[in-house]
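Undergrad: Take a look at the letters that make up each chain.
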Amino acid sequence: MGEGSVQQAHVHAPPEGFIRKYVFSLDHKVIGKQYFALALVAVFTGMILSWLMRIHMVWPNTKFPGLELLSKVGAPGGIMTPEYYLSLLTMHGTLMVFFVLTNAPFAAFGNYFLPIQIGAEDMAFPRFNMMSFWTTFLAWFVLMLAFVIPDGPPIAGWTEYAPLSAVGKDAGPGMAWGASLWGLSIAIFCIASLLGALNFIATTLDLRAKGMTLMRMPICTWAWFITSCIALLAFAVLLPACILLILDRHAGTSFFIPGGLVISDRLQPHSGGSPLLWQHLFWFFGHPEVYIAILPSIGIVSHILINSMRKPLLSSKVIIYSMMSIGFLSYMVWGHHMFLSGMNPMSALAFSFPTLTITIPATVMTLIWLGSLYGANIQINSASLFALGFISMFVAGGVSGFFLAQPAIDIYLHATYFVVGHFHMVMGVASLFGVFAATYFWFPKMTGRFMNEGLGKLHFWITFVGTYCIFMPFHYLGLIGNVRRYQSFVDDYMAPYIPLHKFITISALITGAAQLIFLYNLIYSRFKGKLAPDNPWNATSLEWSIPSPPPWNNFGGKHPVVYHDPYQYGVKGSKGDFVMQDSPEQVIVSGD
Amino acid sequence: MGKLFAVALVIIALVSAYPILMNKYPLPEDISTHGHQIDEQLHDTMIEAGIAFVGAQLVLAFFLFSYSGRKPGSRLKSFPGGAKVLVMFAFVIVGLEVLALGVVGQKAWATVYFTPPKADALEIQAQAEQFAFYFRYPGPDGKFGSIHPDKIDEGNQNYFGLDLANDVEARDDIVSGELVVPVNREIHMFLHGKDVGHSFYVRELRIQQDFVPGLDLSVHFTPTKIGRYEIVCTQLCGLGHYNMKAYLNVMSLTDFEKWLKDQSAQ
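Quick mapping for you: the protein sequence lines, in order, are chains A and B. For the first sequence, this note's numbering begins at 1 and goes up steadily by one. For the second sequence, this note's numbering begins at 1 and goes up steadily by one.
Since the hints were made in silico from the structure, they are not lab data. Some clues are possibly wrong.
Unchecked claim - What the simulated footprint calls covered on chain B by chain A, stretch by stretch (three residues with Cβ under 8 angstroms from a Cβ of chain A suffice, anywhere in the stretch; the number is not a length):
{"#": "1", "region": "12 to 25"}
{"#": "2", "region": "59 to 73"}
{"#": "3", "region": "104 to 115"}
{"#": "4", "region": "203 to 210"}
{"#": "5", "region": "213 to 221"}
{"#": "6", "region": "238 to 250"}
As the list claims (entries may be wrong) - DSS-like cross-link-like pairs, simulated, lysine-lysine; straight-line CA separation at most 30 angstroms:
{"#": "7", "chain 1": "A", "residue 1": "317", "chain 2": "B", "residue 2": "77"}
{"#": "8", "chain 1": "A", "residue 1": "575", "chain 2": "B", "residue 2": "3"}
{"#": "9", "chain 1": "B", "residue 1": "3", "chain 2": "A", "residue 2": "457"}
{"#": "10", "chain 1": "A", "residue 1": "558", "chain 2": "A", "residue 2": "575"}
{"#": "11", "chain 1": "B", "residue 1": "245", "chain 2": "A", "residue 2": "63"}
This structure is a prediction, so every number in the text was calculated from the model and none was measured. Note that the Cβ used here is the ideal one computed from N, Cα and C, for glycine as well.
All chains should be built: construct the whole structure from the sequences, respecting the hints.
TA: Here you go:
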């Protein structure tokens with residue numbers, strides 16, 4: 001790979017004044033924290049929405065005090081209407097996929113740590129970086145507006161399938177301005193993500209410190225880099241899709257609307273469009289998005305596991321190559337979301353095979369993690385518990401993908417709770433476990449203080465057991481044919497399974513409440529947490545070579561030089577069983 | 001705490017597998033000629049995925065139990081054979097599985113989608129709309145009348161927009177809110193979407209197919225058991241989606257012919 005490129009002067013002046021320091025900051029670390037804060041707001045909003053939906057589903061006449069204030073039409077007297085359930089469902093999915101799973105593991109932690117881990121003073125384009133956060137914030141704000149407009153948020157789900165999403169108010173409540181705000185918000189989000197992805201790529205390629213070859217980058221840096229490449233291609237497709245959707249809705253075009261549709265007793269003034277076009281464009285983005293959510297967590301977890309095991313992985317390169325192949329394959333599988341969509345059934349075979357093939361790199365990574373644990377000296381703390389819990393969740397959510405990759409089985413399981421269980425576990429929970437691990441691990445670096453370990457472990461236990469209690473039964477419900485996106489089950493067929501749904505709802509309430517422990521821990525530790533030294537975990541990568549919290553220009557104006565790969569653990573170093581990347585000392589492998 | 005976590009992992013793996021092993025959540029009864037192929041494939045996949053899930057959790061638990069909480073400075077060991085063995089294992093075992101399921105496993109899909117319907121299959125047209133299904137039989141002439149979206153008039157029960165004044169083929173068409181079919185006869189069903197996307201899902205038939213507005217699709221199946229089964233919409237179609245249902249009524253041939261006659265008389 002050759003020597004790392006010497007970083008150029010992309011340095012900005014030290015920030016002065018409140019606005020430049022904390023609001024329109026150019027500092028990647030502040031921007032990372034801003035992304036984290038936005039993701040935190042979004043995840044708690046999304047979680048509360050899921051609470052409301054789960055409670056309504058099993059106790060449909062529950063009065064939610066205050067919900068009427070949010071929407072008089074959606075919750076008259078505080079009781080949720082069936083259509084408002086769909087509005088909340090749409091907002092839950094959109095907030096979680098875009099503003100949490102894309103923002104937290106990728107934009108937040110990537111922004112904060114990618115430049116430091118490669119020895120750079122900032123991102124390649126600090127102004128672009130600031131713009132990408134504030135554009136994301138604008139996207140969030142536009143989406144949130146849907147809650148306060150009279151019509152309410154859209155009811156078409158986070159996938160916004162056309163023509164339901166494209167014909168306007170005739171399609172139902174929330175489909176007038178609510179759906180337009182959704183399209184606008186996601187289009188803006190795409191622009192922000194494109195700016196962010198470009199910046200990550202340029203930074204990784206251009207600003208590496210002396211000696212920081214590509215293969216000396218930490219695995220999480222690799223993960224953010226590969227994710228950026230995926231994001232660049234994925235959001236570049238969703239952006240025009242959203243623009244076409246807005247044109248269909250407001251400019252009288254018919255990209256996604258065929259002729260002859262009668263909706264709400266009105267013959268629609270459109271002709272010639274194709275609903276499948278939206279599905280193709282959406283899922284061409286949508287499936288890579290799964291990997292945009294999970295790859296950063298794969299990288300983060302690998303990075304933290306190595307530190308916790310006190311020895312390197314069996315092969316970091318294999319993990320990196322596996323991530324690359326997953327990224328490559330992610331563009332060949334979007335059609336598995338559309339097996340039953342009416343596209344040529346022959347194409348199902350073409351999409352099924354690469355989908356099944358993704359199992360190979362995923363299995364390789366799992367085996368590498370497991371094999372590396374053999375003979376390790378595993379340190380247990382909140383960060384490593386979540387990292388180890390990630391492996392468990394990744395396997396649990398991954399194996400169910402094996403069912404859905406087969407078109408014949410998809411005939412039965414498509415659109416059932418089996419699918420909901422699958423993607424929540426592998427894309428949602430596993431990815432969030434990576435975020436939790438990252439938070440407990442890097443908090444001392446970001447603030448100079450530890451998070452409370454006792455609270456962290458309590459948070460882990462409730463979250464780990466709770467998520468299994470919520471999402472494993474989803475698979476069982478799928479097997480008996482429980483259809484998703486229903487606000488209640490009015491038929492006899494589902495009646496015997498309502499107690500299981502109640503169990504899930506109670507588990508969701510408890511697991512959600514445990515996240516308040518995390519929030520408390522985060523805020524409390526920020527101000528009152530135990531003071532942390534600069535390298536509390538005896539870690540090796542460059543972020544641990546600088547003060548906590550890092551100065552505005554990361555390395556205090558010095559240019560670090562890198563001598564080793566990032567995982568010199570289990571060796572005889574001058575400071576213990578590790579040698580830092582920027583230490584010129586010779587590595588002596590411990591006697592084995 | 002690592003050991004406690006290991007124990008928790010074992011319990012979670014076994015508790016998760018228990019309902020499957022005990023068949024606590026059985027698939028609904030299969031009433032189609034092709035469904036057993038899907039069920040068998042699902043069953044085989046369940047065994048493979050089950051072994052992978054439980055196996056991985058137990059290995060994780062075992063290593064956690066063995067290698068957490070060791071004395072500081074304990075001797076580190078490397079996995080025998082290193083990464084190469086594991087990578088080869090994944091490529092060979094999972095690769096074979098991928099090949100098996102990716103190639104051999106497509107048989108069930110082919111039965112549903114690549115085998116053409118028999119020439120004497122009973123033709124029925126299904127229309128999905130917010131939030132109901134309607135089914136149309138061609139009547140004695142064996143031909144469906146044309147659909148005219150501008151003539152749709154729900155108030156007068158003209159759900160398909162038939163031109164009864166001018167279209168002779170439309171006059172004998174039978175429209176029903178229930179899908180009534182004879183047992184052991186192949187059904188060739190045409191799917192027409194009137195407004196937005198919907199889907200036709202009958203669990204017991206092992207059939208699910210989207211309605212795509214602007215794209216007329218078809219499926220074929222043979223119901224093998226007399227009874228009444230729920231048809232549900234599985235494509236989010238708007239505010240009444242959760243309540244968009246109809247029934248599949250499988251009758252004996254005699255009962256079906258009588259039903260058809262009664263409908264024609266109306």
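Undergrad: Going back to the hint list, which numbers does this structure go against?
TA: Violated: none.
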